[in-house]
Amino acid sequence: MTKLGRNDPCHCGSGKKYKHCCGKLVSTGTGLPAFSASAALQAAFEHHRAGRLPEAETLYHRVLQLEPNHPDALHHLGLTALQSGKSEVAVDFVCKAMGADPSNPIYHNTLANALKELGRLREAVASLRKAIELKPDFAMAHNNLGNLLKEMGQLDEAAESYRQALSFKPDDADAHANLGNVLKEQGRLDDAVASLRTALSFQPNHAKAYYNLGTVFNEQGLLDAAVESYRKALLFQPDYAIAHSNLQFALQFYPHTTPAELIAASNRFAAQCEAPLKAQWRPHANPRAPEKRLQVGYLSPDFRRHAVAFFIEPVLANHDKERIEVCCYYNNSQHDEFTARLAGYSDRWLDCKWMTDSQLAERIRADGIDILVDLAGHTANNRMLTLARKPAPIQITYLGYPGTSGLAAMDYRLTDGCADPAGNDAYYTEKLLRLPDSLWCFRPGKDMPEVTALPAQRNGYITFGSFNNFNKVDALCIKLWAQLLQAVPDSRLLMVTVPEGGSRQRLKDQFVTHGIAADRLEFHGKLPGNEFYRMLQRVDLSLDPITVNGATTTCESLWLGVPVISLTGKRFLERAGFSILNATGLLDFAAKTPEDYIGIARHFASNLQQLAQLRAGLRARVAGSPLVDEVKFTQGLEELYRNVWTDWCKTGS
300 MTKLGRNDPC
310 HCGSGKKYKH
320 CCGKLVSTGT
330 GLPAFSASAA
340 LQAAFEHHRA
350 GRLPEAETLY
360 HRVLQLEPNH
370 PDALHHLGLT
380 ALQSGKSEVA
390 VDFVCKAMGA
400 DPSNPIYHNT
410 LANALKELGR
420 LREAVASLRK
430 AIELKPDFAM
440 AHNNLGNLLK
450 EMGQLDEAAE
460 SYRQALSFKP
470 DDADAHANLG
480 NVLKEQGRLD
490 DAVASLRTAL
500 SFQPNHAKAY
510 YNLGTVFNEQ
520 GLLDAAVESY
530 RKALLFQPDY
540 AIAHSNLQFA
550 LQFYPHTTPA
560 ELIAASNRFA
570 AQCEAPLKAQ
580 WRPHANPRAP
590 EKRLQVGYLS
600 PDFRRHAVAF
610 FIEPVLANHD
620 KERIEVCCYY
630 NNSQHDEFTA
640 RLAGYSDRWL
650 DCKWMTDSQL
660 AERIRADGID
670 ILVDLAGHTA
680 NNRMLTLARK
690 PAPIQITYLG
700 YPGTSGLAAM
710 DYRLTDGCAD
720 PAGNDAYYTE
730 KLLRLPDSLW
740 CFRPGKDMPE
750 VTALPAQRNG
760 YITFGSFNNF
770 NKVDALCIKL
780 WAQLLQAVPD
790 SRLLMVTVPE
800 GGSRQRLKDQ
810 FVTHGIAADR
820 LEFHGKLPGN
830 EFYRMLQRVD
840 LSLDPITVNG
850 ATTTCESLWL
860 GVPVISLTGK
870 RFLERAGFSI
880 LNATGLLDFA
890 AKTPEDYIGI
900 ARHFASNLQQ
910 LAQLRAGLRA
920 RVAGSPLVDE
930 VKFTQGLEEL
940 YRNVWTDWCK
950 TGS
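Per our numbering, the sequence shown starts with residue 300, numbered consecutively.
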């Protein structure tokens with residue numbers, strides 16, 4: 300390397316002359332810097348602020364050569380380690396800094412951040428409480444404590460921490476945004492919007508606030524506002540991966556979104572978030588043996604009481620363990636009875652929430668996974684940036700997300716011929732793998748109650764029900780349901796998951812505008828499992844939303860003896876109901892036109908004895924259908940796995 304002159308630009312990239320930068324710190328021949336510890340520390344700070352972490356680390360270590368217990372140098376080495384993803388190293392350095400200066404609240408705050416990255420949440424909370432004890436007006440620590448408490452599900456306490464942060468720093472935009480997110484989780488959607496708008500008044504380019512605002516609007520059923528908010532988040536932070544995911548999910552809910560528009564959104568995500576990672580792709584060393592015992596990994600944040608768990612449990616329980624070894628990667632901190640059961644079906648299990656995307660990708664590669672099945676897609680707590688690193692030779696998307704991932708790293712998508720008939724292939728960047736009967740295999744929960752008598756025979760009127768997530772009910776759906784209620788005099792509509800406040804009032808007003816009196820409508824919010832099922836027992840006929848069909852709710856409704864009327868469209872989201880009805884032999888409830896949809900409702904409303912008989916025998920009918928034939932379904936799935944693995948062994952791609 301050519302020796303630098305004193306007036307040459309410094310090699311570290313600071314933009315300063317060598318004599319005014321690292322030239323001050325050249326060795327004297329003793330192995331120690333020629334400059335003072337304070338000067339070395341200031342130079343290190345400049346490198347650190349500029350993002351030149353290796354240069355900063357070198358200088359922090361030089362400070363420690365002069366003063367081995369220098370607390371600021373130790374603390375900042377902890378910070379650089381944390382920024383480099385070395386959380387355990389960060390904990391070690393920050394603890395040494397605290398040993399030298401235990402009364403510095405900033406050190407306790409940094410320690411909490413490192414502990415959080417390691418998943419040691421309770422210890423992190425203790426560190427933040429200590430920071431606040433040392434400095435009661437430490438707004439950042441209050442805000443960080445709120446984040447931890449929210450992560451731990453302690454929403455009331457989290458909200459109070461954010462309020463404390465704001466009491467000391469009213470214009471801290473992060474705290475307003477975080478408070479808004481907690482209020483959303485508490486179901487206080489109108490208050491959440493107000494808090495997020497306040498955050499944006501202080502920081503108009505706050506990408507996270509726009510993202511959180513989009514999620515609130517989505518829950519309120521304000522799809523246009525949600526899409527606009529996600530787009531603004533991406534305007535200010537183009538590589539905001541989860542905002543890309545939510546935007547794509549929201550676009551799926553538009554009735555007139557074209558395949559080209561969805562593919563374009565997917566391509567933007569891939570360009571911003573996957574393309575920079577492709578340089579990290581490496582050949583896979585998996586043995587090319589077509590008949591080997593396959594290493595199949597399932598990646599999901601939903602190995603818990605969640606819709607995905609109802610469908611993946613039969614698969615995990617029925618895999619041929621002689622031919623397939625199952626490894627589950629669980630990206631969540633919530634554990635319940637579902638988690639315990641699913642872990643029991645697995646040969647290997649890894650809680651991976653606290654791993655970075657890079658760390659998780661390397662772990663999957665080290666585990667020798669042949670086929671990695673992603674069960675989240677662009678839904679909450681996904682690991683799209685892990686998948687974008689291509690850690691497994693074959694990657695498949697399944698169940699969680701109703702559209703394309705957009706990733707070049709995703710090879711296949713599992714579906715069926717009813718949900719995705721010939722011609723739908725153009726909607727996806729992946730190659731479609733069609734399962735024989737249905738892409739769903741449903742295992743009813745043991746807590747589901749018995750089928751009850753037809754409510755209409757007792758009530759004297761028909762009760763229609765909608766139990767899907769409220770954001771699936773759009774203007775087209777409301778108009779059709781209003782026409783249905785007009786066609787069936789004295790009938791009622793019972794809906795759950797409808798948020799209180801402005802959303803509920805807007806929904807009621809829309810029905811009234813279409814000529815439906817408010818006293819024919821009954822709305823409830825989200826309900827726990829047992830209450831949800833008891834409410835569903837009050838329904839005579841379930842109504843499938845038309846733009847975004849249900850899946851889990853449809854299966855649950857059928858199991859409780861309540862038929863589901865579904866309108867069959869062209870896209871996957873408009874054909875999910877048709878797929879389930881086909882699998883259960885209930886195509887009489889699959890409408891081809893809106894007129895058919897209303898006609899089916901009128902027919903059964905006028906033939907209560909037929910409907911009562913159907914209800915009484917429906918559970919047995921479903922129990923004998925492919926929808927719940929776990930062994931046959933899993934065998935068909937394993938055959939597809941083996942086919943794509945054999946292809947990879949032959950072609951290597």
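Take the hints with a grain of salt, since some may be wrong.
Said to hold, decoys possible - In silico EDC-like pairs for lysine to aspartate or glutamate, Cα to Cα no more than 20 Å straight-line:
#  : residue 1 : residue 2
1  : K949      : E938
2  : K468      : E484
3  : K429      : E456
4  : K591      : D946
5  : K385      : E636
6  : K825      : E799
7  : K771      : E484
8  : K434      : E416
9  : K931      : D946
10 : K745      : D895
11 : K468      : D489
12 : K825      : D895
13 : K869      : E560
14 : K395      : D436
15 : K591      : E624
16 : K429      : E459
17 : K449      : E416
18 : K730      : D471
19 : K869      : E830
20 : K745      : D656
21 : K620      : E821
22 : K771      : D928
23 : K434      : E450
24 : K591      : D646
25 : K730      : E416
26 : K745      : D724
27 : K385      : E366
28 : K869      : D736
29 : K620      : E366
30 : K449      : E366
31 : K825      : E518
What the hints assert, rightly or not - Between beta-carbon pairs, the in silico distance windows are:
#  : residue 1 : residue 2 : range
32 : Q364      : D436      : 44 to 50 Å
33 : D895      : R819      : 19 to 25 Å
34 : A774      : P353      : 35 to 41 Å
35 : G898      : Q658      : 54 to 60 Å
36 : G898      : K620      : 29 to 35 Å
37 : R587      : R567      : 54 to 60 Å
38 : N680      : G384      : 16 to 22 Å
No lab work stands behind these hints: they were computed from the structure.
Beta carbons: idealized from backbone N, C-alpha and C, even for Gly.
- What hints, given by number in increasing order, does this structure fail? 2, 5, 8, 9, 10, 11, 12, 14, 18, 19, 20, 21, 22, 23, 25, 26, 27, 29, 30, 32, 34, 36 and 37
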